[in-house]
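Chemist: Sequence:
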Amino acid sequence: MEDFKSICVTEGIKKVDVIKNPTSFPLIGKGAQGAVFKISSDKCVKICAKPEFAAKEGNVLKIAQESPTIPRLYEVGHNYIIMEYLEGPTLFQYLESGGILSEKFDEANSFCFRRNEAIKLYQIGCRFAPHYCN
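In this text, residue positions in the sequence shown follow our numbering: the first is 1, and each later residue adds one.
Since the hints were derived computationally from the structure, they do not count as laboratory data. Please read these numbers as outputs of a predicted model, since none were measured by experiment. Treat each hint with caution, since some may be false.
As the list claims (entries may be wrong) - Mimicking DSSO-like on lysine-lysine, the simulated pairs with C-alpha atoms at most 27 Å apart in a straight line are:
#: 1; residue 1: Lys-50; residue 2: Lys-5
#: 2; residue 1: Lys-43; residue 2: Lys-5
#: 3; residue 1: Lys-20; residue 2: Lys-5
#: 4; residue 1: Lys-62; residue 2: Lys-38
#: 5; residue 1: Lys-56; residue 2: Lys-20
#: 6; residue 1: Lys-5; residue 2: Lys-38
#: 7; residue 1: Lys-62; residue 2: Lys-50
#: 8; residue 1: Lys-50; residue 2: Lys-38
#: 9; residue 1: Lys-15; residue 2: Lys-38
#: 10; residue 1: Lys-15; residue 2: Lys-50
#: 11; residue 1: Lys-15; residue 2: Lys-43
#: 12; residue 1: Lys-14; residue 2: Lys-38
#: 13; residue 1: Lys-43; residue 2: Lys-56
#: 14; residue 1: Lys-38; residue 2: Lys-56
#: 15; residue 1: Lys-14; residue 2: Lys-43
#: 16; residue 1: Lys-20; residue 2: Lys-43
#: 17; residue 1: Lys-5; residue 2: Lys-15
#: 18; residue 1: Lys-50; residue 2: Lys-20
#: 19; residue 1: Lys-15; residue 2: Lys-62
#: 20; residue 1: Lys-62; residue 2: Lys-5
#: 21; residue 1: Lys-5; residue 2: Lys-56
#: 22; residue 1: Lys-56; residue 2: Lys-14
#: 23; residue 1: Lys-20; residue 2: Lys-38
#: 24; residue 1: Lys-50; residue 2: Lys-14
#: 25; residue 1: Lys-56; residue 2: Lys-15
#: 26; residue 1: Lys-62; residue 2: Lys-43
Claimed, not checked - Simulated restraints on C-beta separations:
#: 27; residue 1: Pro-68; residue 2: Leu-95; range: 15 to 21 Å
#: 28; residue 1: Phe-92; residue 2: Asp-17; range: 18 to 24 Å
#: 29; residue 1: Asp-42; residue 2: Cys-8; range: 22 to 28 Å
#: 30; residue 1: Asn-59; residue 2: Ile-28; range: 20 to 26 Å
#: 31; residue 1: Thr-23; residue 2: Pro-51; range: 31 to 37 Å
#: 32; residue 1: Gly-98; residue 2: Lys-20; range: 35 to 41 Å
#: 33; residue 1: Cys-8; residue 2: Glu-84; range: 20 to 26 Å
#: 34; residue 1: Lys-50; residue 2: Phe-92; range: 20 to 26 Å
#: 35; residue 1: Ile-100; residue 2: Glu-52; range: 22 to 28 Å
#: 36; residue 1: Pro-68; residue 2: Gly-12; range: 28 to 34 Å
#: 37; residue 1: Gln-65; residue 2: Asp-3; range: 22 to 28 Å
#: 38; residue 1: Gly-77; residue 2: Gly-98; range: 36 to 42 Å
#: 39; residue 1: Ser-6; residue 2: Ser-97; range: 33 to 39 Å
#: 40; residue 1: Lys-15; residue 2: Lys-62; range: 32 to 38 Å
Even glycine gets a Cβ: it sits at the ideal position worked out from N, Cα and C.
Using the sequences and the hints, build the whole thing.
Modeler: Here it is as structure tokens:
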């Protein structure tokens, strides 16, 4: 199996830059803190530009694991997070296309905030399954 740990990203102006990807894992998205690669049919890995980004996001994901809208967390490493891959648009893409969030999503989001964790779903690569949308 290929080693995703050989993928290298660095901070860019608005999004990270992928410096090196000697693997065949496809890039599925990138943001200010990291780039996400699909490593299997049901898993993806976020490679973070700084280790503290992975640690902070990993902690938020751990706290929010009871929420049905948060991807399952498999592993947090030095500069990476392995999580469940969910097919669908990102929160930003969904809302930009005129999508409306369901009451079920509102309940799940409230669950996260009750734990005093301000979760920025677009930063954790959260994708929506059809049952969370109207």
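Chemist: Confirm or reject each hint.
Modeler: Status of each hint after checking the structure:
1. Lys-50 x Lys-5: The given pair, whose Cα atoms are some 14 Å apart, holds under the 27 Å limit.
2. Lys-43 x Lys-5: OK: Lys-43 and Lys-5 at ~15 Å, within 27 Å.
3. Lys-20 x Lys-5: Holds, at roughly 11 Å.
4. Lys-62 x Lys-38: At roughly 20 Å apart (the allowed maximum being 27 Å), Lys-38 and Lys-62 satisfy the hint.
5. Lys-56 x Lys-20: holds, 24 Å
6. Lys-5 x Lys-38: holds, 13 Å
7. Lys-62 x Lys-50: With a Cα-Cα distance of about 19 Å, the restraint between Lys-62 and Lys-50 holds, given a limit of 27 Å.
8. Lys-50 x Lys-38: holds, 20 Å
9. Lys-15 x Lys-38: The given pair, whose Cα atoms are some 18 Å apart, holds under the 27 Å limit.
10. Lys-15 x Lys-50: holds, 13 Å
11. Lys-15 x Lys-43: holds, 22 Å
12. Lys-14 x Lys-38: holds, 22 Å
13. Lys-43 x Lys-56: Answer holds: Lys-43 to Lys-56 is near 20 Å, not above 27 Å.
14. Lys-38 x Lys-56: holds, 21 Å
15. Lys-14 x Lys-43: holds, 25 Å
16. Lys-20 x Lys-43: holds, 20 Å
17. Lys-5 x Lys-15: holds, 20 Å
18. Lys-50 x Lys-20: holds, 15 Å
19. Lys-15 x Lys-62: The hint holds at about 24 Å.
20. Lys-62 x Lys-5: OK: Lys-62 and Lys-5 at ~21 Å, within 27 Å.
21. Lys-5 x Lys-56: Roughly 19 Å between the alpha carbons, so the hint for Lys-5 and Lys-56 holds.
22. Lys-56 x Lys-14: holds, 19 Å
23. Lys-20 x Lys-38: holds, 16 Å
24. Lys-50 x Lys-14: Given that 27 Å is the threshold and the Cα spacing comes to 15 Å, the pair holds.
25. Lys-56 x Lys-15: holds, 18 Å
26. Lys-62 x Lys-43: Since the Cα atoms of Lys-62 and Lys-43 sit roughly 16 Å apart, the hinted pair holds (cutoff 27 Å).
27. Pro-68 x Leu-95: 15 to 21 Å: At roughly 19 Å between Cβ atoms, Leu-95 and Pro-68 fall inside 15 to 21 Å, so the hint holds.
28. Phe-92 x Asp-17: 18 to 24 Å: holds, 20 Å
29. Asp-42 x Cys-8: 22 to 28 Å: holds, 25 Å
30. Asn-59 x Ile-28: 20 to 26 Å: Given a distance of about 23 Å, which is inside 20 to 26 Å, the answer is holds.
31. Thr-23 x Pro-51: 31 to 37 Å: Distance hint for Thr-23, Pro-51 is violated at roughly 20 Å.
32. Gly-98 x Lys-20: 35 to 41 Å: Since Gly-98 and Lys-20 have Cβ atoms about 38 Å apart, the given range 35 to 41 Å holds.
33. Cys-8 x Glu-84: 20 to 26 Å: holds, 24 Å
34. Lys-50 x Phe-92: 20 to 26 Å: holds, 22 Å
35. Ile-100 x Glu-52: 22 to 28 Å: Given about 35 Å between the Cβ atoms, the range is violated.
36. Pro-68 x Gly-12: 28 to 34 Å: holds, 33 Å
37. Gln-65 x Asp-3: 22 to 28 Å: Given about 26 Å between the Cβ atoms, the range holds.
38. Gly-77 x Gly-98: 36 to 42 Å: Check passed, 38 Å falls within 36 to 42 Å.
39. Ser-6 x Ser-97: 33 to 39 Å: holds, 35 Å
40. Lys-15 x Lys-62: 32 to 38 Å: violated, 25 Å
Checked against the numbered hints listed earlier, the structure breaks hints 31, 35 and 40; every other hint is satisfied.
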